[in-house]
Every structure is written in C-alpha cells, then in structure tokens.
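*Asks:* Residue-level listing of the chains:
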Amino acid sequence: DKAKLDKFQSLMLTPSLDLDELKKLSWSGVPSKFRPIVWKLLCGYLPAAQDRQGIILDKKRQEYHNYLEQYYSTRHQEIHQETHRQIQIDLPRMCPSIPLFQQETVQQIFERVLYIWAIRHPASGYVQGMNDLMTPFFVVFLNEYISSTIDTFKVDTLSRSDLQKLEADCYWCLSKLLDGIQDNYTFAQPGIQTRINQLKDLVSRIDATLQRHLEQHRVEYIQFTFRWMNNLLMRELPLRCIVRLWDTYLSEQDGFASFHLYVCAAFLTKFSTQLQRERDFHSLMMLLQNLPTQHWNDEEVTMILAEAYKLKFSFSGAPRHF
Amino acid sequence: MSFQGPEEYDYLFKIVLIGDSGVGKSNLLSRFTRNEFNLESKSTIGVEFATRSIVVEGKKLKAQIWDTAGQERFRAITSAYYRGAVGAMLVYDIAKHATFENIDRWLKELRDHADDNIVVLLVGNKTDLRHLRAVMSEDAAEYADRNNLIFIETSALDSTNVEHAFQQCLNEVYKRVADRHFSNVNIGQTTALPTTNLQSTILEKKFCCNS
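Residue numbers (UniProt numbering), protein chains in the order written: chain F, 1 to 322; chain S, 1 to 211.
Check each hint, because a few of them may be wrong.
Here are the simulated distance ranges between beta carbons [stated by the list, open to error]:
| # | chain 1 | residue 1 | chain 2 | residue 2 | range |
| --- | --- | --- | --- | --- | --- |
| 1 | S | His97 | F | Ile79 | 18 to 24 Å |
| 2 | S | Glu72 | F | Thr194 | 44 to 50 Å |
| 3 | S | Glu8 | F | Gly44 | 25 to 31 Å |
| 4 | F | Gln216 | S | His97 | 46 to 52 Å |
| 5 | F | Met286 | S | Leu132 | 30 to 36 Å |
| 6 | F | Thr105 | S | Thr33 | 35 to 41 Å |
| 7 | F | Pro99 | S | Leu132 | 24 to 30 Å |
| 8 | F | Met286 | S | Arg105 | 28 to 34 Å |
| 9 | S | Glu8 | F | Asp156 | 55 to 61 Å |
| 10 | S | Glu72 | F | Gln102 | 44 to 50 Å |
These aren't lab readings, by the way, just hints derived from the structure by calculation.
Glycine residues also receive a C-beta, built at the ideal position from the N, C-alpha and C atoms.
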C-alpha cells in the first residue's frame, strides 16, 4: 500500500539508514520495488551509510570476480570434481516449473556461485538443497534489472556487466545466509538434528493432540521435517511465498535458524485437523510430503508468520528452548 | 472427507532405494507407484516415501518404499532408514560408469546397517540410453553373481522392466519371509513393535503366529 511505500521511500533517503527501523518495517513484508536493496542491507552485504554503498559494492563484486579467477579452474581437479559433478547434477533439476531456471546462462551462474562457495567452505562443502536456497536471491536481485515478469525473462538479454553484478550479489548474500546455518550442512548435519528435536518438543507443547496422533501412527519428525530444515521450507511452499517469508527471516535476529523453527511449528499445526483425519502411517506420510500449499499467497504466509511470532514470544524464554 | 479405515494387506514390506545421485531412483519409484516419469524431477532431500500393493500367490503385499538422497552428506541420516528394510534396490546408471563403481560402497553401507537377510537387487537403470552405455550387462551380472545379488536392467523412462524389478524384489522377500529367514524382524506381530524411528517392518495381519 501507499503508506508503506512512502515509509520505505523516506527511510531509504536517509544518508545513514537506521537498520533497526528497516527491520521493523520489513518484518511485515518489503514492497517488491525496494526488495533488492533492502535484502542486501538486511543481509549485511550493503552498508547502511549511503556514501559507502557504491565503494563497498564495487569492492565486493571485484572480490568475487577474483575468487572466480583463482578457484573456478580447480573444478576438474580430482579433489574437487565430485563437488562440481554434484552441482551439475542438481542444476537441471532445480525449480522445474519455472522456465527461468532452465536457461543455460542462469544455470551457469548458479554453478559458479555454488562451486566457489563450496570450495571456500570445506567444512560443509556443497550440500544438495543449497541450490534451492540461492533461487530467492536470484529472482529478487534480477528484478533490479527488469520490469517485466521474470518467470520467462530471457536472461541473455542483460548486459554482461549486469550479469556479473547479479552473480556477485547472489554469492555474497547466499554466503551470509549459509554462514548463519552452517551446522545444518556439516558432517551428520547436527544443526538439523537439533532443530528437529526442538520442533518436536515445541509441537508437543502447543498441539498435544496432533503430537499424539503422529506418535500413535509412528510418524517420526525426521521422516518429514528433514527437508523442511535442509531446504528451509523451499520444497513445501511456492517461490513467491518464500520471498515473502524471507522478508521476515532477514528482519529477525537469527531468522533462518531459530525463527524458522517457530515457522515450521506454525506450518505443521496449520494442517493439524487435516492430518488428524488421516488414519494410518502411509496416508499421513503422503500428506506430510505433499502439503496442499500450491495456491498459497502472501495472505497464508502472513498468517503463519503471525502465529510463529506468537510462539516465539511465548516460548523463546522458556527452559529447553535456547 | 469421510472416514476411511486403514487399508487391508497381508504383509507390509519395507524396501529402500539407494545409489548415487542422479541415477533415477525417484523415477523408478514414481514409475512403479504412480506410473509417472519426470525428466526433470527435483533432487530428493533426505528421504521420500511411497507405497504400492501387489498380489503374490493370493497374498496382498504392501510395499513401503523409501527413496533416499544420493549425496554422501545425507548418509548419516539416511542410513537410519535401512533399519527394518527387507529389500533394497541398489541402483546405478548404465551410462555412467562411476555410479557402477560406487556400488561397492553402497553394498558395504547395506551390510553395515541393514538386516543380514535383506534381499538386494542390483538395478542398472536408464537402458533407454543405449548409445551411451558405459556399463556392460555382463560385467554387472558377474558382479551381482559374485555378491549374491539379483541383477536386472530397467528404464524408468520407457518403463522397461520397472514393474518386473519391484515384483522380483517383493517375490523374493515373500519367499524368504515364508521360509522364516528374517529372524531379527518382527514377523507375526501386529502391535507392540519396538519403537524405532521407522515404521514397522513386516506385518502379518491375517497369519499371526501368536494366534
């Protein structure tokens, strides 16, 4: 709405932007027009001081370019070829329903970003699903350069220098995101295991009936929430919803780790009634793997977020929760 | 939605699909359970699950099939899913030799985590890629022979042998169950199965030996 747009507009014009103010404003959604710059600010990629933004961006983009020069050629070396091969296997299978991601230029950008990130982070390396996590950054930052609908946009029509900027920005923001959840991807994925246990604990407090129902039919959380954690719900929700979700995650302290937990709890319990209608393990699992969210929009996400906020408020100080 | 009771079956068999990333495990599963194939299906994260029932010798066998992610990093999590499995399809891509070379590792993985009597099928998938074949059938058959595996080649894309592969797996499991090969799994119990992080293994609903 207009009032919100105005608020963003005036905030953006301040020479040294108040990040806390920006987070407050962004929590409930960022207008798409401002999203590219707001996300970069919230990621900590772009400095709040306007007069430094240009310099920092140039520097960071150059730095990424240097990484490419330094590392990209190593992809055929024996110790790295498995990483490269895995990325190459995953890219053609990424977001099959969105034509944008089938374009060669787009897949090459993803390939380079993910490969460079992987070899600079050997503790985890590339883990399947990280490619999904780059897609929101890519679509949001691409919007900086185009005004038409992006699903079918021909990326090749952009200039080379724009593409390079886009690629570097994706790299740095994806890095910021992954830095916060790296224990999700290190050996045995301890971050995911911890959060799955926390989720189970939380759901047993807020929806004991559902919890009993799942237990009765021997449905284990790891069987269906592993993907929720590894891919941050990106397989469960349409991309447009994820973009809205990330407005909030980026505005939260530790959004992709601890707040995500509350979102998962709100998400699961939203289907409580429907799940309780299923009377055996098989049908429960089938539903849990294919929750009906295809038609979801901002409205549904907003409700989940409001619920998650309430949960965070009630439980974040409680014992056994952080 | 009206109330539906649990589906009836005589036996419930848990089968796992394992093998390198991109060899076509998910498509074998979707071909068998839904008769669908998707050239660009999303990569599997963690595990995915589907079921289908078939009839063998007048008995209804329900196959509960767990499709696992191929990447090494998920192994610590996915190996837990082998517990209670009575059948495994070890899949490689006939057009990618490296995926066949890794079969040794997958087999070790099974030996370490699964029941000793698990039925193992070696499945060479993607036979539709004739012109790209990199693994000879004879080599794979010989490997299977040496390691006591059932060998079959399939194409999830054109459906060749997919039905047959799962049928063979389930038949063999059924035979072994009938011969009481699975001493460690819970044959004959319909309730009070130990709580594992898996669904129970084999359920004989009508032929409970406690009765």
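*Asks:* Please go over all the hints and tell whether each is borne out by the structure.
*Replies:* Results of checking the hints against the structure:
1. Separated by about 20 Å at the C-beta atoms, S:His97 and F:Ile79 satisfy the suggested range of 18 to 24 Å.
2. Roughly 21 Å separates the CB atoms of S:Glu72 and F:Thr194, a value that falls outside the hinted 44 to 50 Å.
3. Range check, S:Glu8 to F:Gly44: about 57 Å between beta-carbon atoms, so the 25 to 31 Å window is missed.
4. Here the CB-CB span from F:Gln216 to S:His97 is close to 47 Å, well matched to the stated 46 to 52 Å.
5. Taken as a hint, the range 30 to 36 Å holds for the pair F:Met286 and S:Leu132, whose Cβ atoms sit roughly 35 Å apart.
6. One distance hint, 35 to 41 Å for the beta-carbon pair F:Thr105 and S:Thr33, holds here, with the actual separation near 36 Å.
7. Distance hint check: the CB atoms of F:Pro99 and S:Leu132 are about 27 Å apart, consistent with the given range 24 to 30 Å.
8. At roughly 31 Å, the beta carbons of F:Met286 and S:Arg105 sit within the given window of 28 to 34 Å.
9. Hint check: S:Glu8 to F:Asp156, Cβ distance near 56 Å, so the stated range 55 to 61 Å holds.
10. Judged by the Cβ atoms, the range 44 to 50 Å given for S:Glu72 and F:Gln102 is violated: they are separated by roughly 27 Å.
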